[in-house]
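Numbering of the sequence shown is given in numbering that gives the first Met the number 0, commencing with residue 0 and proceeding in unit increments.
For the record, the hints were derived by calculation from the structure and aren't laboratory data. Please note: incorrect hints may appear among the correct ones.
[Unchecked claim] Distance ranges between label pairs, derived from CB positions: (1) A120 with L198: 17 to 25 Å; (2) S18 with L203: 20 to 28 Å; (3) V4 with L203: 33 to 41 Å; (4) A74 with V191: 21 to 29 Å; (5) N53 with N182: 22 to 30 Å; (6) V4 with T111: 50 to 58 Å.
No residue lacks a Cβ here, since even glycine has one placed at the ideal position from N, Cα and C.
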Amino acid sequence: MSGIVSFFDSLVQFTADNSDRLLRLFGEHIVLAIETLVIALPIAIVLGIAISYNERAATVVLWIASVLLTIPSIAFFGMLVPILGIGTPPVIVALVAYSQLPVIRNTYLGVTGVDPAAVEAGTGLGMTRFERLWRVRLPVALPVVMAGVRNAVVLLVGLAAIGAFIGGPGLGFFIFYGINQGNTAMIVVATVAVSVLALAFDYLFAVTERGLRLRNGEDLEPTYTTRLFDAIRTQFQ
0 MSGIVSFFDS
10 LVQFTADNSD
20 RLLRLFGEHI
30 VLAIETLVIA
40 LPIAIVLGIA
50 ISYNERAATV
60 VLWIASVLLT
70 IPSIAFFGML
80 VPILGIGTPP
90 VIVALVAYSQ
100 LPVIRNTYLG
110 VTGVDPAAVE
120 AGTGLGMTRF
130 ERLWRVRLPV
140 ALPVVMAGVR
150 NAVVLLVGLA
160 AIGAFIGGPG
170 LGFFIFYGIN
180 QGNTAMIVVA
190 TVAVSVLALA
200 FDYLFAVTER
210 GLRLRNGEDL
220 EPTYTTRLFD
230 AIRTQFQ
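Assemble the whole structure, with the sequences as input and the hints as a guide.
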């Protein structure tokens, strides 16, 4: 029992002694995730919309995105170093590649899953193909697209930590440095921080997704993450 207490004391002590660096790395991790999303989402959403009009292209694009996701992250980061060097650029490129499949797939499923009757109604009103996409398909598909974005952001927050292997920013620095130094407290604190950040992003996008579904008239149960954060918020009220 004393060993457990001592371990938790070491976690608290490490957090107190390194709070400034921890907050800085936490901020770097958030910025890295946002930068990746800003680049990845337009690419994935445009691809998802484009392949919704061509089944053969859909098969090829989804297969390529699936293959990218199967590449071990450390190997992928290492492959990019000779091309882009070390630091942030190769990390962002790898994370953009890894985040494509969930968003492309959900965009494709969302757009193709719109009720044909609604699309035909738009045609009957004289809408062009673009107008039907913008005013009929996308508003209905948005909750499904947001679910893909939610999956992608949780994935990339976790993978971003591995980017420290090639000099990337974020909390992964503490994880790899802690491994090299045998500092368990450093590893645990950084890992917990990454998990908290992933849960926070998941909650944010879960709430957004739920709002979009309610706007479309769907009646849904709260997700596990929203229930968890609501319970935590209640405890502090």
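Here's how the hints hold up against the structure:
no. : hint                       : verdict
1   : A120 with L198: 17 to 25 Å : violated (41 Å)
2   : S18 with L203: 20 to 28 Å  : holds (24 Å)
3   : V4 with L203: 33 to 41 Å   : holds (35 Å)
4   : A74 with V191: 21 to 29 Å  : holds (26 Å)
5   : N53 with N182: 22 to 30 Å  : violated (52 Å)
6   : V4 with T111: 50 to 58 Å   : holds (56 Å)
The structure fails hints 1 and 5 (numbered hints given earlier, in ascending order).
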